[in-house]
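There are 2 protein chains.
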Amino acid sequence: MPKGLGSLRKAVSGAKHAHAISPLAPKSLASLPPLAGVRLATGKAGVRYQDRADVLFAILAQGTQVAGVFTKSKTASAPVDWCRAQLRRGEARALVVNSGNANAFTGKSGVEAARAIAESAAAAVGCRAHEVFLASTGVIGEPLPFNRITSILDKLALDASASGWRSAAEAIMTTDTYPKMATATAFIDGRRVTINGICKGSGMIAPDMATMLAFVFTDASLSSDILQELLSAGVRDSFNSITVDSDTSTSDTLLLFATGKGAKHPAILKAGDRRLGEFQAKLNALLLDLALQVVKDGEGAQKLIRVDVTGAKTDDAAKRVALSIANSPLVKTAIAGGDANWGRVVMAVGKSGEMADRDRLKISFGDLVVAERGARAVSYNESMAGKAVAGPEVCIAVDLALGKGRARVWTCDLTHGYIDINGSYRS
Amino acid sequence: MPKGLGSLRKAVSGAKHAHAISPLAPKSLASLPPLAGVRLATGKAGVRYQDRADVLFAILAQGTQVAGVFTKSKTASAPVDWCRAQLRRGEARALVVNSGNANAFTGKSGVEAARAIAESAAAAVGCRAHEVFLASTGVIGEPLPFNRITSILDKLALDASASGWRSAAEAIMTTDTYPKMATATAFIDGRRVTINGICKGSGMIAPDMATMLAFVFTDASLSSDILQELLSAGVRDSFNSITVDSDTSTSDTLLLFATGKGAKHPAILKAGDRRLGEFQAKLNALLLDLALQVVKDGEGAQKLIRVDVTGAKTDDAAKRVALSIANSPLVKTAIAGGDANWGRVVMAVGKSGEMADRDRLKISFGDLVVAERGARAVSYNESMAGKAVAGPEVCIAVDLALGKGRARVWTCDLTHGYIDINGSYRS
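These protein sequence lines are chains A and B, in that order.
Oh and the first sequence: position 286 is 390 in this note's numbering, straight run, nothing missing.
Oh and the second sequence: position 81 is 185 in this note's numbering, straight run, nothing missing.
One chain only, chain A, in its complex shape (with noise of 0.2 Å):
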C-alpha cells in the first residue's frame, strides 16, 4: 500500500462501496506545502456519504483572480453553468466544493441550490455571491439538499487554515481509491512562487475541456486573462488527453486562482511573456500530474495503458485515432488479460474513421514492433509481445505514415472491477 495512504480506508468507508485502493496509486502521495492567500477547511454535511468529509470550502485572499475550463456536455450541471457565469468577472474569493451529488439535471431546484450555497458562502467570508466558485460531483439527478451545507459554511469559515489540503483532496472524492494532489514551485522573473493543485476522478471520465473536477491554486499574481491563457494551453495535452471510458461528465469543472500573496514578482501582462516560461512549463506537468492520477484510479483500473500516434495527416486526425483506441472496450479487455491482441488496435484504427493505410501502418507495444506494412511484423514473437503487455504500465504506438500529425493520450484497462463498481455505484 502506497505510504500515507494507511489511514485512507477509514476516510473512505463513509462511501457506501469502498474499493480496493488502485495498483497504479503514486508510491506516496504528495504532501503540499501552504499556500499564501489560500485557506480550508473541510465539514461533513452528509449530503450522500454518513461519517466522512464531503464539503471543501476554500477561501481566497481579496484580489484572487480565477480562470476555468468546463465540461462541453449539453447537460452540464448547474454548478457548472454558475462557474461560467461568475467567470466573465475573474475574481474569486471562495470555492465551495460537495461530493456525492452531482447538482446535474435538477432544474429550477438545482439553480437555486446554487445561488444559495454562494450567497451563503459570501455572507460567512464578507465577500459577493459573484466571488464564489462551486461544483458538485457524484449522482446526477438527485436534488442537492443543499441546507446541509449552508448550515455548515460559517463553522467551516472559522475553521479554515492553510494546512488542510490532503483533508481537502479527499473531502471531494467520490469513487476515488486515493486522494490526488500534486505542487510545484516555478521561478517568475527569479522569484519563486508555489502551483499546489488538487483533483477527483474517477468513472465518467473522457474530458472534453477538463475533468470532473480539479482545483488549481497559485500565489503567483496573474491576471484572469493570462491564467486563461496559460490553462486553455496546459489542459490540451492533460486533462483533453485522458479517458477511462469514454464518458464525458455533466459536471468536468477546472480552475485554476491565483492569489497574489507570494512573492512580489514584477507585474506580467501578457501570456507570452518569457518570464512566463517555467511557471507554464511548471503548471502544465502539475496538470498532466494530476491527470495520469485519474487514469490512474480509473475505475477497475489495473494498467496505465499510453497510445501515441504518429505519422496522422494532422494532430487532431491522430488525436482521434488514439482516442478510438484508448475507448475501445476491446483494446481494453485485452490489456487487462495480458494480451497483446493488437489485431483490436488495427480494428480501432479502422474505426476511427480517419485516413488509414492498411499497407503502412505500423504498430508497437512499448519497444516491440508487432505489425507493419499491412501484416504482422517478420520478427513478431508471441511471447515477447505478452511481455510488453504484461505490467502495470503499457504503451500502444501507432505511425500512420501518412503525415506529421501526432497525438499522445492515456487511458486504463477495462476490469471486472469496473463492472462491479458501476452496477452498484447508485442503488
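It is possible that some hints are incorrect.
Pairs count within a copy or across copies, as identical chains cannot be separated in the list.
What the hints assert, rightly or not - Capping the alpha-carbon separation at 27 Å, the derived lysine-lysine pairs in DSSO-like fashion look like this:
| hint | residue 1 | residue 2 |
| --- | --- | --- |
| 1 | LYS212 | LYS466 |
| 2 | LYS212 | LYS386 |
| 3 | LYS148 | LYS491 |
| 4 | LYS131 | LYS259 |
| 5 | LYS176 | LYS417 |
| 6 | LYS491 | LYS508 |
| 7 | LYS466 | LYS176 |
In case anyone wonders, no lab produced these hints; they're calculated from the structure.
Given the coordinates of chain A, assemble chain B onto it according to the supplied hints.
Using the frame of chain A, we list chain B on its own:
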C-alpha cells in the same frame, strides 16, 4: 435452455472458450426450409477451432444475383475487399465463409489467401472466381492458413445439399452462443417466394454498414441493382441500428443473394415496383430479426436494451443521441445492475454533441416517466423505476422536444461476461 439448443454445446465445444448460452436466446430456433437454387455444406478445416465445423460452402444456381453492404472500417479485411471488387458484376455462384480467422490486416498474403480460396471454390463449382463471394471472421492479424480450407472444398461441393441451414449457421459462429437464423415468405404478384437468412455476432459489434457476417438468400428473381436498393434501405433500421460495444469490425459483411429458382413471377424492373412492397417488408423484418439475434447474443449480454429517441432536429441527430446512450458503458453497467440510473442517460445525451435543452428533456424507462423539464419527474418512484429495468428487456425513451427527428437502436447490457470473454479470447 431454448428448444433446439440442447445439442449446441457439443457444436461449439471446439472453441477454446465455450460460454453459457445467452439468456436472451430465442425460445426456439427458426427452422429454415430448403430454398431453390441454394445447396449448402460445412466442414472441419481446423483453421483455428478443432473438432467443429468452421467452413461454410454455399453453392448457388446459375444466374444468381447478389448485392452487399460492408464495413466502413478503414482497415477492412481482405475478403471484404474481394467482395467489394466482385460485387460490381452482381453475379454469384458460390459463397465460402470461415470462422476462427478474419483474414484482416494480413497484407499481401491475405489478398493471396482470398484469391486462392475463390479460385479453388470456382474450380469445385465450375464457375469463375469473380462469381465466388468470401467472408472470414475471427482473430485479426494472423495469416490465414488457406490451404486447410481449399483442401476440403472439392469434398464439400460433393456433399452440398438443400438442408444444411442450421449447420451453416453454426459453422460461422465465433463467440456466439447460439446460431442465428430467420426465414420468411412473401408474395410477388401472387407468387410465393422464400427468404432465408443466417448471421453471426457477437462482439466488435457497432455496424456502420452491416454487422459482422450475415447472408440472406431468396429464390425470387431480382437483379443485383434491385437487390442493392432493397438491402441498403433495409439495413438502416436493422443492422445499422444495433451496437454491442461500439467497436466496428474490420469484417462486417451482409450479402443478399437471389437465385431466381423459386415460383416464377413477372419480371420486376425497379425496386420501387409496388409488387415488391410485401417482399421489402418481409425482408426488412427478417433483417431486423437477425440483427436483434446478434444483440441478444452480445458478449456477456443479460438484457436487451431498446433506446428510442424522439423530438430531435433530424433523424440523424436522433440516431447519434441514441447511439451515445447505447454505447455508454455507464448506462450499460447500470442496466446490468438493475439500477434505473437515468442520470447516466442525461450524461449520455449531454455528451452526444447534439442539441439538447436540459429543461425540455423527457426520459422514460418503459412506460414510467422518470425525468421531465430539467429535473426528476414529480411522480418519480424509485421502486417503480427499479421494476422498469428489472426484466430481460429494457426500453429507454428520450424525448428532446426540439423537432421531429427520431431513431431507435438496440444494444445489450455490459456485464462481467464481456470482460471474461474479451480478456482471454485470443490467448
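These are the hints, each one checked on the structure:
no., hint, result
1, LYS212 - LYS466, "between (53 Å within a copy, 15 Å between copies)"
2, LYS212 - LYS386, "neither (41 Å within a copy, 49 Å between copies)"
3, LYS148 - LYS491, "neither (46 Å within a copy, 33 Å between copies)"
4, LYS131 - LYS259, "neither (35 Å within a copy, 63 Å between copies)"
5, LYS176 - LYS417, "both (25 Å within a copy, 19 Å between copies)"
6, LYS491 - LYS508, "neither (30 Å within a copy, 53 Å between copies)"
7, LYS466 - LYS176, "between (33 Å within a copy, 21 Å between copies)"
Going through the hint list in order, the structure does not satisfy hints 2, 3, 4 and 6.
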